[in-house]
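For the protein sequence lines, the chains are F and W, in the order given. Numbering-wise (the working numbering), the first sequence opens with residue 1 and increments by one. Numbering-wise (the working numbering), the second sequence opens with residue 1001 and increments by one.
It is possible that some hints are incorrect.
[Stated by the list, open to error] In silico lysine to any residue, SDA-like type, Cα no more than 20 Å apart, as pairs:
no.	chain 1	residue 1	chain 2	residue 2
1	F	262	W	1015
2	F	35	F	97
3	F	35	W	1089
4	F	98	W	1023
5	F	262	F	35
6	F	98	W	1094
7	F	98	W	1059
8	W	1214	W	1059
9	W	1134	F	130
10	F	35	W	1087
11	W	1214	W	1023
12	F	262	W	1134
13	F	35	W	1059
14	W	1134	W	1182
[Stated by the list, open to error] Listed next, the stretches of chain W that the computed footprint assigns to chain F, with coverage defined by at least 3 CB atoms under 8 Å from CB atoms of chain F:
no.	segment
15	1074-1080
16	1091-1099
17	1256-1269
No lab work stands behind these hints, which were simulated from the structure alone. Bear in mind the structure is a predicted one, so any value in this text is a computation, not a measurement. For every residue, glycine included, the Cβ atom is placed at its ideal position computed from N, Cα and C.
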Amino acid sequence: MSTAERGVPRIGRLDRPALTGVLVRELINYSSYWKASTFSSTVEPTIYLLAFGFGFGSIVSTIGGLPYVQFVGTGTVATAVLFSSAFPAMFGTFVKYKFQRTYDAILAAPVDTEELVTAEAIWIATRAGVYGCVPMIVAIFFGLDPSWGMLLVPFIGWLAGYGWGCFGIMIAGFASSFENFNYVVSAVLTPLFLLAGTFFPLDALPRWAQILGELNPLHQCVQLVRDAVFMNLSSTDLLRAAVLVGWGLLLWRIAIYAMERKLID
Amino acid sequence: MNGELAIRLRGAVKRYGAITAVDGLDLDVPVGTCVGLLGPNGAGKSTTMRLLTAQAIPDGGELEVLGHRLPEDSKAARAECGVVPQLDNLDVTLTVEQNLLVFTHLYRIPRAERREAIERAVQMANLGPRRHDKVDKLSGGMRRRLLIARALVHRPRLVLLDEPTVGLDPQVRQELWALIDALRSEGTTILMSTHYIEEAQRLADTVLIMSHGKGVASGAPSELVLEHAGHEVIEVYGPPARLAEVQAEAAEAGLRTRRTGTSISILGVDRDGHSFEGERRPANLEDVFVLLTGEEIE
């Protein structure tokens, strides 16, 4: 059937077929590189977990009543989410835009930049949600007790991954070369990564660092995961989730703006 | 919707800072025809193509594609268009079939028809035996064929071809011409940009010659040749000083000339009596092209 016989499909904003089209492309591509991607997204946080868990664990036995391995095991979920969202989003988007010209091909089809960015963020979030669970599963083998709250972790990872994915897309949209990413990694991602409460609690830090920590979406992710895994969820966590939602929505719009500037003359 | 026109541009303008890439362009592409956008590099052909898919937003003018106003209804227009870009943007780590599968989704082909659409595209690109090969294992010609077949997977009413054979060797070019010609004979409307004169002459029903973002002449290739260069041309060879003299004499006689590298061509010699010594040959589209778009390379 030709497009004339089929008739014009109803076309609006954030069309499901457009989102599906972009997601299908990612899924098919993923089938060709999933091994490398799974390796890098899971091995690195696991190494952090083991190194800190046993390294520091030999000095620090418990934090806030938790054995240190369990403290780090839940904390590195956020690390895995960050590594499998912000980084692939930055580099992947840039490569697809600049070197493979994939986005030119997609935007010549009935897909808008808004749909393209949204679908890419959904894809990255989904991967982050899955990969985020890896350190937690590894920690189970080192004494973390399974709990029903763990079932929430992929969703928390998804939510945080969506925001970090949009963050990465936004950076790729504003960057003019690969070298620009160095500034972002050194000046933004590394401090936020360390100031997230993953490896040490923030309560002992100076007041200003604690405030910065509360503004760090990665910290919200760490706290949510811990509270879910240890079944300590409270109304504060609702607020934390709300922060992640708001942060995700904000970065989503900025990412769309950045990519439109880049892709549409 | 305008019944006969697949593409209708009126006074389309696109600026990039101080540069006006498309400068008040009018363009009509009647349904069922193949129109060639012919112009030197930098004439605004690729920008025009990007305007038609709303990958560039015009600064002025009216643009309509398949009855949809651009840029606001561009998505509906794109659903019925196929686009072959100038630069290869296939997914190189995917196979031939996987590349096509992605586009059956992007072009919203219903599930039940996807298999058949992929099969048809594979046959069209003549890549049957290579269907499971990754794109980075294909030759340049195969990749081009796949790029064209990918744009046709949803059987669009209108196909935009941006320099479809640029940088390919003559054999591959002819193969692609056959592919495009087959498409044309099936009644698909085609807009093709090119700077290869032979390509326009062979494939296009009408040609719009572009220069500096404007259309400078349009019509069937043979009509354009007749109108601007006449039936015959005399090519005079000689040292530069001699050529300059000949040029001056021709200008005095009211004849148009163009440089042809080592010679000078005097156009439209069939109309007047003349006294030029040189080789007579039929006028061609290249004469018109150089005459209208200027001889200097910018």
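Here is what the structure says about each hint:
no.: 1; hint: F:262 <-> W:1015; verdict: 16 Å, holds
no.: 2; hint: F:35 <-> F:97; verdict: 23 Å, violated
no.: 3; hint: F:35 <-> W:1089; verdict: 24 Å, violated
no.: 4; hint: F:98 <-> W:1023; verdict: 28 Å, violated
no.: 5; hint: F:262 <-> F:35; verdict: 31 Å, violated
no.: 6; hint: F:98 <-> W:1094; verdict: 18 Å, holds
no.: 7; hint: F:98 <-> W:1059; verdict: 25 Å, violated
no.: 8; hint: W:1214 <-> W:1059; verdict: 15 Å, holds
no.: 9; hint: W:1134 <-> F:130; verdict: 28 Å, violated
no.: 10; hint: F:35 <-> W:1087; verdict: 30 Å, violated
no.: 11; hint: W:1214 <-> W:1023; verdict: 5 Å, holds
no.: 12; hint: F:262 <-> W:1134; verdict: 29 Å, violated
no.: 13; hint: F:35 <-> W:1059; verdict: 47 Å, violated
no.: 14; hint: W:1134 <-> W:1182; verdict: 27 Å, violated
no.: 15; hint: 1074-1080; verdict: holds (count 5)
no.: 16; hint: 1091-1099; verdict: holds (count 5)
no.: 17; hint: 1256-1269; verdict: violated (count 0)
This entry does not satisfy hints 2, 3, 4, 5, 7, 9, 10, 12, 13, 14, 17, going by the numbered hints stated previously.
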